[in-house]
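J.: Just so you know, the sequences run in chain order D and A.
Here the first sequence stands for residues 450 to 726, where the numbers follow our numbering.
Here the second sequence stands for residues 236 to 533, where the numbers follow our numbering.
Don't take every hint at face value.
Unchecked claim - Using 30 Å as the maximum straight-line C-alpha spacing, the simulated DSSO-like pairs for lysine-lysine come out as follows:
#1 D:K635 - A:K423
#2 A:K247 - D:K713
#3 D:K642 - A:K439
#4 D:K452 - A:K248
#5 D:K585 - A:K449
#6 D:K455 - A:K247
#7 D:K713 - A:K449
#8 D:K516 - D:K455
#9 A:K248 - D:K713
#10 A:K439 - A:K423
#11 D:K455 - A:K439
#12 D:K579 - D:K553
#13 D:K455 - A:K449
#14 A:K423 - A:K334
#15 D:K585 - D:K616
#16 A:K334 - D:K616
#17 D:K642 - D:K585
#18 D:K456 - D:K616
#19 A:K523 - D:K452
#20 A:K334 - D:K635
#21 A:K248 - D:K456
#22 A:K247 - A:K334
#23 A:K334 - A:K449
#24 A:K334 - D:K553
#25 D:K671 - D:K516
To be verified - Label-pair ranges, simulated between beta-carbon atoms:
#26 A:L259 - D:D486: 55 to 63 Å
#27 A:A341 - D:K642: 23 to 31 Å
#28 D:P643 - A:E424: 36 to 44 Å
#29 D:L462 - A:I271: 36 to 44 Å
#30 D:L563 - A:I271: 17 to 25 Å
#31 D:Q615 - A:L376: 57 to 65 Å
Quick caveat, the hints were computed from the structure, so don't treat them as lab data.
Note that CB positions come from ideal geometry on N, CA and C, so glycine has one too.
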Amino acid sequence: MNKNIKKGLLLLLFIVLGIIAIFPIYYLLISSFRPSDKMFRSGIVLFVKLEEITLRNYRYLFSESGKIYFYWYRNSILITAIFTTGALFLTSFVGYGLAVYNFKGRNLILTAVLFIMMIPLEILMLPLYKLLIALKLMNTYQGVVLPFIVSPIGIFFFRQYATGIQKDYIDAGRIDGCTEYGIFFKIIAPLMKPAYSAMAILLSMRSWNDFIWPLIVLRTNKMFTIPIGLAGLLTPYGNNYDLLLSGAILAIIPVIIVFIFNQKYFVSGITIGGIKG
Amino acid sequence: MHRVINNFLYSKKYAPYIFVLPFLISFSLFFVYPIISTIIMSFQRVFIGSITFIGLDNYKRLINESFFNAIRTNILYTVLTILYLIPVPIVIAVALNSKLLIGRNAFRAVLFLPSLISIIVSGVAFRLLFGTGEFGFVNSLLQKLGSRPVNWLLEYWPGMFIMVSLACWRWSGVNIVYFLSGLQNIPKELYESADIDGANSLDKFFYITLPLLKPIIIYVLTISIYGGFAMFGESYVYWNENMPGDIGLTIVRYIYQEAIQRNDLGYGSSIGIVLLAIVFGINILQLKFFGIFRREQG
Numbered sequence: 450m451n452k453n454i455k456k457g458l459l460l461l462l463f464i465v466l467g468i469i470a471i472f473p474i475y476y477l478l479i480s481s482f483r484p485s486d487k488m489f490r491s492g493i494v495l496f497v498k499l500e501e502i503t504l505r506n507y508r509y510l511f512s513e514s515g516k517i518y519f520y521w522y523r524n525s526i527l528i529t530a531i532f533t534t535g536a537l538f539l540t541s542f543v544g545y546g547l548a549v550y551n552f553k554g555r556n557l558i559l560t561a562v563l564f565i566m567m568i569p570l571e572i573l574m575l576p577l578y579k580l581l582i583a584l585k586l587m588n589t590y591q592g593v594v595l596p597f598i599v600s601p602i603g604i605f606f607f608r609q610y611a612t613g614i615q616k617d618y619i620d621a622g623r624i625d626g627c628t629e630y631g632i633f634f635k636i637i638a639p640l641m642k643p644a645y646s647a648m649a650i651l652l653s654m655r656s657w658n659d660f661i662w663p664l665i666v667l668r669t670n671k672m673f674t675i676p677i678g679l680a681g682l683l684t685p686y687g688n689n690y691d692l693l694l695s696g697a698i699l700a701i702i703p704v705i706i707v708f709i710f711n712q713k714y715f716v717s718g719i720t721i722g723g724i725k726g
Numbered sequence: 236m237h238r239v240i241n242n243f244l245y246s247k248k249y250a251p252y253i254f255v256l257p258f259l260i261s262f263s264l265f266f267v268y269p270i271i272s273t274i275i276m277s278f279q280r281v282f283i284g285s286i287t288f289i290g291l292d293n294y295k296r297l298i299n300e301s302f303f304n305a306i307r308t309n310i311l312y313t314v315l316t317i318l319y320l321i322p323v324p325i326v327i328a329v330a331l332n333s334k335l336l337i338g339r340n341a342f343r344a345v346l347f348l349p350s351l352i353s354i355i356v357s358g359v360a361f362r363l364l365f366g367t368g369e370f371g372f373v374n375s376l377l378q379k380l381g382s383r384p385v386n387w388l389l390e391y392w393p394g395m396f397i398m399v400s401l402a403c404w405r406w407s408g409v410n411i412v413y414f415l416s417g418l419q420n421i422p423k424e425l426y427e428s429a430d431i432d433g434a435n436s437l438d439k440f441f442y443i444t445l446p447l448l449k450p451i452i453i454y455v456l457t458i459s460i461y462g463g464f465a466m467f468g469e470s471y472v473y474w475n476e477n478m479p480g481d482i483g484l485t486i487v488r489y490i491y492q493e494a495i496q497r498n499d500l501g502y503g504s505s506i507g508i509v510l511l512a513i514v515f516g517i518n519i520l521q522l523k524f525f526g527i528f529r530r531e532q533g
């Protein structure tokens with residue numbers, strides 16, 4: 450086959466695949482600008498007509514019943530930020546310890562880290578739920594964040610990364626009189642910047658989109674994260690589409706912005722640390 | 236006192252344990268304790284303030300139609316998603332890896348995009364597309380093709396179809412990235428010497444690419460099985476309150492319904508233990524079949 454024809458066919462195939470990947474999001478976007486009475490009676494709609502565009506769904510966000518969305522947004526941002534910062538700090542600390550020291554029980558701990566990654570965490574949700582009730586952490590950020598903050602994926606990832614760092618740095622730190630922890634904070638942590646970036650993206654995406662655990666922990670409307678709040682708007686009897694659509698679109702925007710500017714970290718995070726997707 | 240603290244801070248003997256302390260605390264409090272607690276609860280009737288030991292009663296209750304339906308749905312869902320999510324992303328990754336493709340990075344980014352969208356938001360989009368009645372997007376397409384509109388949320392197989400397609404749409408990109416990274420580790424010389432031997436593209440795919448991708452394929456298979464048996468969001472986003480005749484009822488959904496919504500933690504725990512046993516069983520089977528690769532990877 451002619452090389453140019455091959456090139457053309459391949460390009461065509463990927464344009465089709467690209468359309469499939471984007472279409473549901475695109476459809477959500479155009480639907481969010483359409484009047485809701487038209488939404489389900491229109492059949493095949495590929496574009497929103499200019500004269501039809503309405504911002505009603507977005508204006509609804511600022512109405513008395515729509516402004517709850519900003520609570521959800523705030524909760525999502527805070528939970529993601531607390532989870533990601535805490536997990537980066539704790540897992541890099543542990544991962545580094547497992548990488549550089551040879552001590553009794555190290556292999557046992559490594560096995561335990563890998564073992565957790567092999568268990569579907571959904572099995573733990575009932576006893577954790579009971580534990581949260583006992584600790585009075587239901588309906589709190591801590592309740593959402595704490596059980597999973599020492600993420601085994603993070604530990605695994607940072608251990609791999611720290612193993613690759615030359616021991617000379619550590620020895621030099623000891624000669625300069627740093628404590629063992631000083632070496633980590635002052636010398637190693639700055640060297641692990643790329644690892645922090647990759648993990649920050651993986652963990653924050655996961656936390657931002659997390660569903661089943663926050664659904665169990667968060668109990669009042671004002672404490673919901675975006676996915677939990679939006680899920681609550683879905684009912685079998687005609688959904689509350691105004692907030693659902695504009696809210697869904699606004700939930701995607703930060704994710705896409707982060708993705709556009711940090712693509713390479715997404716890939717490295719997924720391929721090295723993305724166990725259990 | 237100052238010296239004691241200093242000795243401690245500089246001690247290489249204690250340092251490793253301080254470093255792993257966060258993990259030890261989290262592991263015992265949020266992993267070991269819950270596992271033990273769920274095993275115990277599965278033999279109990281648990282209500283707030285009253286706990287009674289009831290032996291195997293919870294497990295006996297598991298013999299019922301809903302639970303069997305849930306297991307069947309999980310098995311079907313897992314098999315169907317794997318049938319798509321392994322072969323199709325492999326082929327796409329191979330094509331994406333080809334120098335003939337213009338704009339490879341842009342396409343990779345676009346195909347990865349769906350995996351960044353939460354299950355609820357993408358579910359809302361799919362609910363719009365698969366709207367029931369004559370005027371839904373997909374139903375309109377079907378009518379154009381001469382078929383009748385489908386009640387996506389009210390029948391078993393259409394329900395299965397929309398769950399599986401949502402999962403396939405969301406996860407393809409991640410698997411493509413996995414397979415791409417595997418492809419990039421295959422030495423170019425292998426393909427060059429195959430060219431010299433006169434192999435065509437199909438030969439190269441079946442005799443070089445696939446065998447060398449095997450560890451990644453097994454890895455993706457493993458996470459897909461876990462994902463399939465732990466599925467919850469795909470069901471919840473379509474039927475968050477009542478579902479007709481257990482359409483979309485999965486094992487985790489059943490746990491959520493019985494234990495969280497109906498407060499029966501004991502019964503929920505026994506379902507969880509069965510899920511654990513299933514996942515373990517599959518894991519052991521896999522180890523038996525693919526043991527060599529596990530050793531290679533580990």
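J.: None of the hints should be skipped; say for each whether it holds.
T.: These are the hints, each one checked on the structure:
For the suggested pair K635 (chain D) and K423 (chain A), the alpha carbons sit about 41 Å apart, so the restraint of at most 30 Å is broken. Distance hint between K247 (chain A) and K713 (chain D) is unfulfilled; the C-alpha atoms sit about 37 Å from each other, more than 30 Å. At most 30 Å may separate the alpha-carbon atoms for a hinted pair to count; K642 (chain D) and K439 (chain A) exceed this at roughly 39 Å. For the hint linking K452 (chain D) to K248 (chain A), the alpha-carbon distance of about 65 Å lies beyond 30 Å, and the restraint is violated.
Straight-line distance between C-alpha atoms of K585 (chain D) and K449 (chain A) comes to about 47 Å, which puts the hinted pair past the 30 Å bound. A distance of roughly 62 Å separates the Cα atoms of K455 (chain D) and K247 (chain A); the hinted pair therefore is violated under the 30 Å criterion. Distance restraint check for K713 (chain D) and K449 (chain A): the Cα-Cα separation of roughly 25 Å lies within the 30 Å cut-off, and the hinted pair is therefore satisfied. Distance hint between K516 (chain D) and K455 (chain D) is unfulfilled; the C-alpha atoms sit about 53 Å from each other, more than 30 Å.
Distance restraint check for K248 (chain A) and K713 (chain D): the Cα-Cα separation of roughly 39 Å exceeds the 30 Å cut-off, and the hinted pair is therefore not satisfied. Distance restraint check for K439 (chain A) and K423 (chain A): the Cα-Cα separation of roughly 12 Å lies within the 30 Å cut-off, and the hinted pair is therefore satisfied. A hinted pair counts as satisfied when its Cα atoms are at most 30 Å apart, and K455 (chain D) with K439 (chain A) qualifies at roughly 18 Å. A hinted pair counts as satisfied when its Cα atoms are at most 30 Å apart, and K579 (chain D) with K553 (chain D) does not qualify at roughly 34 Å.
A distance of roughly 28 Å separates the Cα atoms of K455 (chain D) and K449 (chain A); the hinted pair therefore holds under the 30 Å criterion. Distance hint between K423 (chain A) and K334 (chain A) is fulfilled; the C-alpha atoms sit about 13 Å from each other, no more than 30 Å. Restraint check for K585 (chain D) and K616 (chain D): the C-alpha separation of about 45 Å exceeds 30 Å, so the hint is violated. Of the supplied pair hints, the one linking K334 (chain A) and K616 (chain D) is violated, its CA atoms being roughly 40 Å apart against a limit of 30 Å.
About 36 Å separates the Cα atoms of K642 (chain D) and K585 (chain D), which puts this hinted pair outside 30 Å; it is violated. Our distance criterion of 30 Å between C-alpha atoms is broken by K456 (chain D) and K616 (chain D), whose separation comes to about 49 Å. Of the pairs offered as hints, the one joining K523 (chain A) and K452 (chain D) is violated, with about 45 Å between alpha carbons and a cut-off of 30 Å exceeded. Simply put, K334 (chain A) and K635 (chain D) have alpha-carbon atoms about 44 Å apart, too far for the 30 Å limit, and the pair is violated.
Proposed proximity of K248 (chain A) and K456 (chain D) is contradicted: the alpha carbons are some 62 Å apart, above 30 Å. Annotation: proposed proximity of K247 (chain A) to K334 (chain A) is violated, straight-line Cα distance about 52 Å (limit 30 Å). Between K334 (chain A) and K449 (chain A), the direct Cα distance comes to roughly 23 Å. Compliance with the 30 Å bound is thereby established for this hinted pair. With a CA separation close to 50 Å, the supplied pair K334 (chain A) and K553 (chain D) exceeds the 30 Å bound.
The suggested pairing of K671 (chain D) with K516 (chain D) holds, with an alpha-carbon distance near 10 Å, which does not exceed 30 Å. As the Cβ distance of L259 (chain A) to D486 (chain D) is approximately 58 Å, the hint placing it in 55 to 63 Å holds. Taken as a hint, the range 23 to 31 Å holds for the pair A341 (chain A) and K642 (chain D), whose Cβ atoms sit roughly 27 Å apart. In this structure the hint that P643 (chain D) and E424 (chain A) lie 36 to 44 Å apart at CB is violated, the actual value being about 30 Å.
Taken as a hint, the range 36 to 44 Å is violated for the pair L462 (chain D) and I271 (chain A), whose Cβ atoms sit roughly 52 Å apart. Against the hinted window of 17 to 25 Å, the Cβ-Cβ separation of L563 (chain D) and I271 (chain A) comes to about 20 Å, which satisfies the hint. At roughly 59 Å, the beta-carbon separation of Q615 (chain D) and L376 (chain A) lies within the given 57 to 65 Å, and the hint holds.
Hints 1, 2, 3, 4, 5, 6, 8, 9, 12, 15, 16, 17, 18, 19, 20, 21, 22, 24, 28, 29 from the list above are not met by this structure, while the remaining hints are.
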